[in-house]
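There are 2 protein chains.
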Amino acid sequence: MNSLVETGLAQVQAPYSLQQLIEALSAALPAHCVLFREEDTRPYECDGLSLYRSLPAVVALPETEEQVQAIMRICKRLNTPIVARGAGTGLSGGAMPHSQGVLLGLSKFNRIKHIDLASATAIVEPGVRNLAISEAASPYGLYYAPDPSSQIACSIGGNVAENSGGVHCLKYGLTVHNVLRVRVVTIDGDVVELGSEAPDAPGLDLLSVFVGSEGMLGVVTEVTVKLIPKPACAQVVMASFSSVEAAGNAVTQVIAAGMIPAGLEMMDRRATHMVEPFVRAGYDMDAQAILLCESDGTPEEVAHEIARMEAVFREAGATRCQVSTSEAERLKFWAGRKNAFPAAGRVSPDYYCMDGTIPRRHLARVLGAIEQMEDEFGLRCANVFHAGDGNLHPLILFDSNKPDEVERAEKFGAAILELCVQVGGTVTGEHGVGMEKINQMCVQFSRDELDAFLAVKRAFDPPCLLNPEKVIPTLARCAEYGKMHVHAGELRFPDLARF
Amino acid sequence: MNSLVETGLAQVQAPYSLQQLIEALSAALPAHCVLFREEDTRPYECDGLSLYRSLPAVVALPETEEQVQAIMRICKRLNTPIVARGAGTGLSGGAMPHSQGVLLGLSKFNRIKHIDLASATAIVEPGVRNLAISEAASPYGLYYAPDPSSQIACSIGGNVAENSGGVHCLKYGLTVHNVLRVRVVTIDGDVVELGSEAPDAPGLDLLSVFVGSEGMLGVVTEVTVKLIPKPACAQVVMASFSSVEAAGNAVTQVIAAGMIPAGLEMMDRRATHMVEPFVRAGYDMDAQAILLCESDGTPEEVAHEIARMEAVFREAGATRCQVSTSEAERLKFWAGRKNAFPAAGRVSPDYYCMDGTIPRRHLARVLGAIEQMEDEFGLRCANVFHAGDGNLHPLILFDSNKPDEVERAEKFGAAILELCVQVGGTVTGEHGVGMEKINQMCVQFSRDELDAFLAVKRAFDPPCLLNPEKVIPTLARCAEYGKMHVHAGELRFPDLARF
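Here the protein sequences come in this chain order: A and B. Just so you know, we're using the working numbering here: the first sequence kicks off at 12 and counts up by one. Just so you know, we're using the working numbering here: the second sequence kicks off at 12 and counts up by one.
Chain A extracted, bound-state conformation (with noise of 0.2 Å):
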């Protein structure tokens, strides 16, 4: 593969006049979808990672897919960058926007087209929640099974740019597995559909390669989405340990024996007590960590297969198992795990949520390793996470009124990264890349790698245009950012025999 991160994507100019911009804007779309004044663009100005801010030129907010394609064309041909945004609930700054660019919310697209009982599909516009469409579906006994813990705000459309995951994802995979076809509109402005009904579509598969593409290979107009029949029951076991290790172990074991949980998440010991004083979910706070395991099925499935989660547990060392007696219950277990975010707002004025992602058996390890961590950054960590998936999510808690803790909070999370990529892991689970594990992607991957990436963004943006400056790290970067970890003549990552 040539070399084309050497020609990098960081190069993009904007030889246009911002009048030039929003008077070609103006004429494409009503005037109520075009913003440029200052107290108009601010509330676009950061998306989930609120660490990373950027005002952009012009908020473009289309109403039909005919505007999308309007705003591509005036983009391509002013040589400008084209940042989309869902409900900008991201975690990893993807729809953090570029100053010089459009910023192009879909918040309009907000219709359920229809609903196919025969196919159990549903055909959404991009801006619609991911909730929103469970709801729709509810009365037909169907429902969309990734969840996202943010899934009561965030959109469709930008599920679909983050591949985004949630607890049900372990049993019923992330959105790639969840979304059947796309209408995609490209930097020319041509609308393209990704995917088909069938199991696999003809030609090259690239409605996988658009999931997950973080907003550089088009902007999404229409989703199609399988639903699925909403199981009759489900019940949990919260099983408690006295080491994260056991707790890891017991995770491996579940899954050695043929199960696949509907959710398996694990909260270590500095999680529950920072949840249970809130939630009073009934966590056992003499633990070092809990295992929530879920069932779903009908209730004979789910009595058999919660018998054998329980035995799998017990077998592995588990101190206390407890199983859910009623819906009230189950959802009281539950609620600790998803309220794990605010409450973490509750003993510290900031926190910095990570997501990265190791082979299970490393688990008990890398808990050790972001232990020792702490102590040589100053900084507190609790952990939440997705087991089954070995998807981490540590949240690391910090004050950024106090001089540099900011900057620790960020070298803390780079490190864990780094950490998960040298016990053969990755960067992120389900977050992203963005701006903010853009460094890391020079450590996960090879130049060749990169280069493959770059290729085929500019195969559907050649000028670059979309999201430019994320995701794939220019070599100039990498070159940097190596400089930056080198010691005596070598890369220096965190060292994991030392934990």
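No lab work stands behind these hints, which were simulated from the structure alone. Certain hints may be false.
Note that the list lumps identical chains together, so a pair holds whenever it fits in one copy or between two copies.
To be verified - Cut-off 30 Å, straight-line C-alpha distance, at most; resulting in silico cross-link-like pairs (DSBU-like, lysine-lysine):
hint, residue 1, residue 2
1, K124, K241
2, K237, K182
3, K413, K494
4, K237, K124
5, K343, K241
6, K349, K422
7, K182, K241
8, K413, K349
9, K343, K124
10, K124, K182
11, K343, K182
12, K349, K241
Since the structure of chain A is provided, determine the placement of chain B on it from the hints.
Quick look at chain B alone, frame taken from chain A:
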């Protein structure tokens, strides 16, 4: 997207002398790995689609990844087409050689390198047979789920190229859902790894675009696959129906009831009558269609699910239901399905196995249309297929020694595929596009969509040397094919309204 189709894929010229190519390859590979005499290259002239044949200029059979890198670099330098080949069992001509190119056979990459029990994965070379993976994993109670009919012979590398399916794919997914990582040599001779062991890898999902890319993007040298626990038990319900329509509705009802059978296959009366005298599977000769529906899991789960399946079938009007009472009987029921192709060979000198996918709700209508086409084309057709996926495999029976029967079979096949597109389906379910369906790609996709495919193809392979003239039709080809179909100024496809 720029119209890249115009520049064409079919323009590959070979401005080298054959002698030059042989010398370069012989310098890089041991003598026994480079074949160029006609008696040596003849066995490689076609794959499982023997209607199309072409002798390659040279056959290269590398033994190491470094040799694959060398072959790629030589071919790039000499502007020589490369067609990769696994076991040669493909049914769409994907491994048919280019007459001026190198046929790169991966049969010597036949080692199972590692089976990891903690992560339930296997690392294998691309020439390993599909079934050999399950055999090697069997002592540990694990297996590799996708099971194409050719699994005893086909290679995992070929499965990756075609995104192969099989009876179990309804429940366990296609190849793309069961492969975690591939090592790939690019046309430049670089080695890249795509995918990861995590649920979602950072950056673009190039693993998914690579799986099913039919040899157009690179050559695989190593594959990491998921292994899953062998179910403790399996049973089949065999249900008879008095019409294809009733059987089609029963398929929809099973899925709508929230069950995902381990296999859900349909055979029409012509197929059962063709197979039964040969296999003696015990099929109901009075039925217009039969369904084979499998449940697997623990004995309790299977007993419960089989009872629910039977209830759904009776409700849907099954005239007879029979549940396998032993493993021997289960295998007997499947034997007829699995031997349908050999059985066709007993009643007809030749047969042509088609592969298209339709929304399940149109099963009855499309099967009715195919029946009427039998008269139109003067050929018989039996239907044996993955009903749960809506993936049809019409078997067109013909005699290649009779004048024009080959041509009529091809036209019959093309008409079936275009009918699939017309009802909202696709021109391939699991066999790939290859040579065979390249014209139908013009029917399936818009110009902008074909351009998107080609742009991604070129991102990996700018000179378009990897499997040229396949999968993605040129603009000229589509124009030519369109002309054949134009009738009174309009595109003429099979008229569904007639049926």
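Hint by hint, here is what the structure shows:
In this assembly of identical chains, K124 and K241 lie within 30 Å of each other by CA distance solely inside one copy; the values are 21 Å within and 41 Å between copies. In this assembly of identical chains, K237 and K182 lie within 30 Å of each other by CA distance both inside one copy and across copies; the values are 15 Å within and 15 Å between. For the identical chains of this complex, K413 and K494 are intra-copy neighbours only, at 28 Å inside a copy versus 73 Å across copies, given an alpha-carbon limit of 30 Å. Proximity of K237 and K124 under a CA criterion of 30 Å is satisfied intra-copy only: 14 Å inside one chain copy versus 37 Å between copies.
In the homo-oligomer, the alpha carbons of K343 and K241 lie at most 30 Å apart inside one protomer (20 Å), although the nearest pairing across protomers, at 35 Å, exceeds that limit. Taking the shortest alpha-carbon separations for K349 and K422, only the intra-copy value of 26 Å comes in at or below 30 Å, while the best inter-copy value is 58 Å. In the homo-oligomer, the alpha carbons of K182 and K241 lie at most 30 Å apart both inside one protomer (13 Å) and across protomers (17 Å), since each shortest distance falls under that limit. Taking the shortest Cα distances, K413 and K349 sit within 30 Å of each other inside one copy (28 Å), while across copies they are farther apart (70 Å).
Proximity of K343 and K124 under a CA criterion of 30 Å is satisfied in neither setting, with 34 Å inside one chain copy and 47 Å between copies. In the homo-oligomer, the alpha carbons of K124 and K182 lie at most 30 Å apart both inside one protomer (27 Å) and across protomers (29 Å), since each shortest distance falls under that limit. Proximity of K343 and K182 under a CA criterion of 30 Å is satisfied intra-copy only: 21 Å inside one chain copy versus 32 Å between copies. When the C-alpha separation of K349 and K241 is checked against a cutoff of 30 Å, the pair qualifies only within one copy, where the shortest distance is 20 Å, while the shortest distance between copies is 34 Å.
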